[in-house]
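Novice: Let the hints inform the model, and build the full structure from the sequences given.
Residues per chain are reported as follows:
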Amino acid sequence: MNNTKIKIGKTTLNFPILGSSGCSGWGVELQDFNDMDFIGGFVTKSITLKNKIGNKQPRIKEVYGGLLNSIGLENNGVHYFVEKILPKMKKFKCAKFLNLAPFSREDLLSLIDILDKEKGFDGYEINISCPNITKQNLNFNSNLLEAKKLLKGVRRLTEKTLLLKLSPSFVESFEIAKFAEMEGFDGISFTNTYIATAVDVENRKFVFDNIQAGFSGPAIKPLSLFNVYKMTKFVKIPVIGIGGILNLNDVLEYLMVGAVGVQIGTGLLIQPNILEKLSRELQDYMVKENIGDIGKIIGCVKESL
Amino acid sequence: MNEKVLEKIFLSKNIFLLKISKSKDCKILPGQFASIKTPLKDKILRRPFTVVKDSQKKLTFLIKVVGDSTEYISNLKKGDLVDIIYPLGKGFEEKTDFKRTLFIAGGIGIAAIIPFLRGKDYSFIFGDKEGEYENVLKYFSLKALYCHEKKNKFKGFATDFINRFDFDIMIGCGPKNMLKTLKDYAQKNGKKYFAIYEEVMACGVGLCNGCSVKTQNGDYIKICKEGPILNGNLIDYE
Ligand SMILES: Cc1cc2nc3c(=O)[nH]c(=O)nc-3n(C[C@H](O)[C@H](O)[C@H](O)COP(=O)(O)OP(=O)(O)OC[C@H]3O[C@@H](n4cnc5c(N)ncnc54)[C@H](O)[C@@H]3O)c2cc1C
Ligand SMILES: Cc1cc2nc3c(=O)[nH]c(=O)nc-3n(C[C@H](O)[C@H](O)[C@H](O)COP(=O)(O)O)c2cc1C
Ligand code: FES
Chain A
1 MNNTKIKIGK TTLNFPILGS SGCSGWGVEL QDFNDMDFIG GFVTKSITLK
51 NKIGNKQPRI KEVYGGLLNS IGLENNGVHY FVEKILPKMK KFKCAKFLNL
101 APFSREDLLS LIDILDKEKG FDGYEINISC PNITKQNLNF NSNLLEAKKL
151 LKGVRRLTEK TLLLKLSPSF VESFEIAKFA EMEGFDGISF TNTYIATAVD
201 VENRKFVFDN IQAGFSGPAI KPLSLFNVYK MTKFVKIPVI GIGGILNLND
251 VLEYLMVGAV GVQIGTGLLI QPNILEKLSR ELQDYMVKEN IGDIGKIIGC
301 VKESL
Chain B
306 MNEKVLEKIF LSKNIFLLKI SKSKDCKILP GQFASIKTPL KDKILRRPFT
356 VVKDSQKKLT FLIKVVGDST EYISNLKKGD LVDIIYPLGK GFEEKTDFKR
406 TLFIAGGIGI AAIIPFLRGK DYSFIFGDKE GEYENVLKYF SLKALYCHEK
456 KNKFKGFATD FINRFDFDIM IGCGPKNMLK TLKDYAQKNG KKYFAIYEEV
506 MACGVGLCNG CSVKTQNGDY IKICKEGPIL NGNLIDYE
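Top line first, the protein sequences correspond to chains A and B. Numbering-wise, our numbering puts 218 at position 218 of the first sequence, and it's gapless, one number per residue. Numbering-wise, our numbering puts 367 at position 62 of the second sequence, and it's gapless, one number per residue.
Honestly, the hints are just simulated from the structure, not real lab data. Don't take each hint at face value.
Said to hold, decoys possible - Now the in silico label distances, taken between C-beta atoms and shown as ranges:
(1) B:330 - A:288: 26 to 36 Å
(2) B:437 - A:119: 50 to 60 Å
(3) A:5 - B:440: 55 to 65 Å
Claimed, not checked - Pulled from the structure, derived: some chain B residues nowhere near chain A, Cβ distances all over 10 Å:
(4) 308
(5) 317
(6) 382
(7) 405
(8) 423
For glycine and all other residues, C-beta sits at the position ideal for the given N, C-alpha and C.
Specialist: This is the structure:
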């Protein structure tokens, strides 16, 4: 039997492919399209401490090679999540990570305090890279000192697997990842969307109320692939590669440059069954290429001729 | 999943009917839609279209060409495969006296109203800005107060003619300013109002919150999951 399992922190994933935050709903929405036992897992939409109504329309603009989004972390807050959503999510056997979007250190501590009393999920992905909430969330990602203040000691608050999701739009992400590694985080999810914008020429205004939005989809793959490669050289903890994955070849590219697993966002919006589909294709590929263990693929890219 | 194009009929220069095979065993309710993915490399997102007619082995769509994806679909030929997901959205299940209902559509919004129009006992106002839909009314044998912004017997917007009817409920689909005018009317006259609300969608299946619309309570609801038929009196047409 070919082994497609990977381990991140305390979590074992049956496949190295997850649905990414903001594109997997609450996981529940995936079950109509995927055999939930045949996917690696998913990361929930960002959860904030208090109810967050999100941004005005338009929230989505399709552009060449991908899309810009300005969702603005719409969710009903952590208490609603615990009461109404977590019970529906619990039944899935795949890996389940909760994406937490803190607006302050107090926020983060409260979020973990509330959630750590609950069961039925594997860990947290702390998100400081939401391009749509500049002042309260993205500022942690653009400033190493602020990030350190936010993340210091967080590891001691939970036994669960702890990931940090970072933005490709700031060089600080590399040093922040290193700090997270020192602090005992289990992995880095990289990359979030690229900060970008679009103009409505006819009306001479920005398309989005917020001016900036997050760019995702196939156009970002070469950029994120290189960023992920660089990140795997920078830290020793597992890096989960994200950005523009649409097919098995894309998955293999990320694994070969050293990502332990991948997440899929935009690709999942286009093809909601992509998690199961690519997991099966990966298995078939390993059989065909006679690769007994997924570990043989991870980081196998040759760096010299 | 893939379905096959069975037939395509142009009813005017930019409006066509697309009939495709239906291999899934399901009943599609008024308001429910499907999403189609074209192989175009520069339009990667699926596009939502109302199912105007549902039969056991066939789905019918009424589509207006407005951009690249709809143009691509308009060029499909009999036997071509269509990458499609259906049924999506919540269908209309509310117990409603359609004899006391006024249906109002503007432009391609007619696609979402057609599934409601059964028999002969209905009231329907249809606004056709460019005068493109005459054959659509004929094809589906629809009886409508057919108005036009320029010529035609009923000159003006669809919303100008509401007072000619006696009704308790309105169901409308069309441009946002039309839906908003209907809300103003419904609120002034204490009418029940369902708006079939169309917003740009990314996934169509509830994964991304891209399609959320603001309600008067200050929260947002996902059109692709909770809609597209919504309580029109509750929507904040920002
Ligand atoms: C629930 C739902 C049901 C729909 N049912 C039908 C239908 O039965 N028949 C039909 O012809 N169309 C329908 N539409 C609209 C249809 O989805 C769009 O016309 C289509 O996505 C345009 O794609 P495109 O690539 O051809 O055009 P694009 O190049 O994407 O856009 C061209 C123009 O169309 C406008 N547009 C794009 N998306 C939408 C949208 N979702 N709603 C309104 N305008 C849009 C854009 O603002 C732009 O000006 C429906 C939309 C929704 C949300
Ligand atoms: C519509 C949309 C919503 C997103 N929402 C979130 C979010 O709430 N939290 C988060 O960490 N990332 C969010 N992302 C980023 C994705 O999880 C992912 O990191 C990014 O889109 C790059 O991957 P992709 O090219 O496969 O989409 C969102 C992306 C999209 C397209
Ligand atoms: S379009 Fe993605 S949630 Fe509705």
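Novice: Take the hints in turn and mark each one as holding or not.
Specialist: Results for each hint:
Taking 26 to 36 Å as the suggested C-beta distance range, the pair residue 330 of chain B and residue 288 of chain A conforms, at roughly 35 Å. As the Cβ distance of residue 437 of chain B to residue 119 of chain A is approximately 58 Å, the hint placing it in 50 to 60 Å holds. For the pair residue 5 of chain A and residue 440 of chain B, the supplied restraint of 55 to 65 Å holds, since their beta-carbon distance comes to about 59 Å. Once the 10 Å rule is applied to beta carbons, residue 308 of chain B is consistent with being away from chain A; the minimum gap is 16 Å.
Here residue 317 of chain B stays apart from chain A, with its beta-carbon at least about 26 Å from theirs, past the 10 Å limit. Non-interface status of residue 382 of chain B relative to chain A is upheld: no Cβ of that chain comes within 10 Å, the nearest being about 24 Å off. Consistency note on residue 405 of chain B: stated as away from chain A, and its beta-carbon is indeed over 10 Å from all of that chain's, at 32 Å minimum. Remark: the non-interface label on residue 423 of chain B is consistent with the geometry, its nearest Cβ contact in chain A lying 29 Å away (cut-off 10 Å).
Checked against the numbered hints above, the structure breaks none of them.
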